[in-house]
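Kindly generate the complete structure, drawing on both the sequences and the hints.
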Amino acid sequence: MEELVMLRQLIGQLQEYVQVCGSQPLQQLQFPLLNQPRWCSSNVDDNSIDDYYSFMMAAGKSGSVRILEPSKPPPSKRYHKERTRGKSSGTTNATEPLEQHIWKDFPEDLYEAVIARLPIATFFRFRSVCRRWNSLLDSESFAQHCAEIPQANPWFYTITHENVNSGAMYDPSLKKWHHPMISSLPTKLIVLPVASAGGLVCFLDIGNRNFYVCNPLNQSFKELPARSVTVWSHIAVGMTMNGSSTSGGYKIMWVGCDGEYEVYDSLRNSWTRPGSMPSSVKLPLSLNFRSQALTIDSTLYFMRSDPEGIVSYDMVTGVWKQFIIPTPLHLTDHTLAECGGRIMLVGLLSKNAATCVCIWELQKMTLLWKEVDRMPNIWCLEFYGKHVRMTCLGNKGLLMLSLRSRQMNRLVTYNVSSREWLKVPGCVVPHGRKRQWIACGTSFYPCLTAVV
Amino acid sequence: MSTEEDTVQEKKTISLKTSDDEVFELEENVAMEFGTVKAFFGDDGVPRDMMMPIPNVHSKELTRIIDFCTKHLDLKPKAELDEAGKKELRKFYKEYMKEDTTERIMELILAADYLNVNDFLDLLNQTVADRISNKSVEYVRKLFGIESDYTPEEEEALREQYAWAFEGVDEDPAED
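Chains as they are written, first to last, in this note's numbering: chain Z, -10 to 441; chain X, 3 to 178.
It should be emphasised that the hints constitute simulated quantities derived from the structure, not laboratory data. We treat Cβ as the ideally placed atom computed from N, Cα and C, and that holds for glycine. This list has only true hints and no planted wrong ones.
What follows is a list of derived Cβ distance ranges for each label pair: (1) ARG133/X with GLY264/Z: 51 to 59 angstroms; (2) ARG408/Z with GLU82/X: 19 to 27 angstroms; (3) ASN341/Z with ALA86/X: 40 to 48 angstroms; (4) LEU83/X with ASN341/Z: 45 to 53 angstroms; (5) ASP69/X with ASP98/Z: 22 to 30 angstroms; (6) ARG331/Z with ASP84/X: 16 to 24 angstroms; (7) VAL218/Z with ASN118/X: 52 to 60 angstroms; (8) GLU82/X with GLU409/Z: 18 to 26 angstroms; (9) THR72/X with ARG257/Z: 48 to 56 angstroms; (10) LEU370/Z with LYS80/X: 41 to 49 angstroms; (11) ARG216/Z with ASN118/X: 46 to 54 angstroms.
Next comes the structure, spelled out in structure tokens:
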């Protein structure tokens, strides 16, 4: 009986989810859920649920994953036992094991500088090298090293149509998909990533009720306190950091079409209402919910229509501004993006049967959009004559575009500063072969040491 | 020679004495790339003609560090001028450590760390990181001579937890 109630609730949420996210035919979405009514209970067939439970048991704690605690204090790191000094090999073969004397002299903290430069996946793999390497996330000196490495490309945290419960993360530098399990995210609700800052991702459940913040890399997780509203209407969300890292705190803001808004401050762990929307911002605020909010320094930018343009909110001063900017013609599925302080617009331009992805840049002096780039023609041809929908995941310098028609889902990344278009390999779960359809997601700068 | 005569010389040089008692004379601008040397001489105070001992650095490493700094000093301003300069600097970084064994790089890291040569240290650290980035856990243990202090159960649990990170790893080279 309880299962039926939960199932109904889920279907209700799912219908909303379909409206928000995708043009996927409903049957394809419902299939995995309806055929597994036991999804809500503890013995299920679905592989991902199995994985979740099996490593919950391995971790031995409920609701969060921890490294197994050693039963005795970790031994001091052991170097190789004394061996007779050999001559150093003169070959240029880079895979030779190291000479012992190098080893004895090599201070441990010099490793940290090397490890901080490893790709994220490698870092996680090498946590099993020894206890010392595993505990690096807790080391301040390591965090310092990480902070000094220039920011790489952002990663993408996405939700797939096939498995709405766990994310698929894309690493554009290695062109690899990873499927981590964030065990602390609620599994009985569908939660969607809506914003990110400083390596933390903010999730909102599909009923627009509760916020969650987590770092997908180190499982640091928090459910935010409840908001002071009783009507759960559609909202747009933005996130900013107070300083240069999340240790200085962060803020999350939601705004609704009626002009209501609230700001969450992580340092005080509470929501406040800084004021009301000024009269310069026309209400109702017809927000473009497909477009994620931009963050440039401490200001959030939201796209609106009627009138067409952008509204901005400065998290520090609390000031709202409205900019009237006409949207280019024949444009659909448009979203805002930013790169180095420049505000961009990405959208589908459809003329007759031809569809193309176009990029515009905002001319700040004239408040007009100017076309600056287009997806290569040869890729656009694939969509000729087809009804295409586009979702833009991420809006910080590197964009992932999910282009969907009835039969296919093409994924492309666009680098705003280098103007490079790259194809994204299909997202396939481990031990699977079928490509997953990407529903929605956000980009985040991977930060091993950010905590909620 | 008196100090006054020294300062009349055209090129200012700094003398460094290595662990194997070799004395190197470097141009001052190259020597000042070494944070330790810069701190030693300070803005004033210690006269520049005084020889600075660097007992933790062998002449072999110092020669290489001087080589890097000289080339780097030449390329860096060009890189700030135009795209071609940037490209040349990137190429320099890519090629400079190609022929060195990982062991040699570790020796250089020790020396560069002691002398506080940050640009070279960044390159050395990144080179090692790049070389091991696709390797297995066993390979890294062997390379650095680390013995695992995990129990087999703990190690298994870690591998399961981070299973996603273990995909697509290079095969270890065959045992000798």
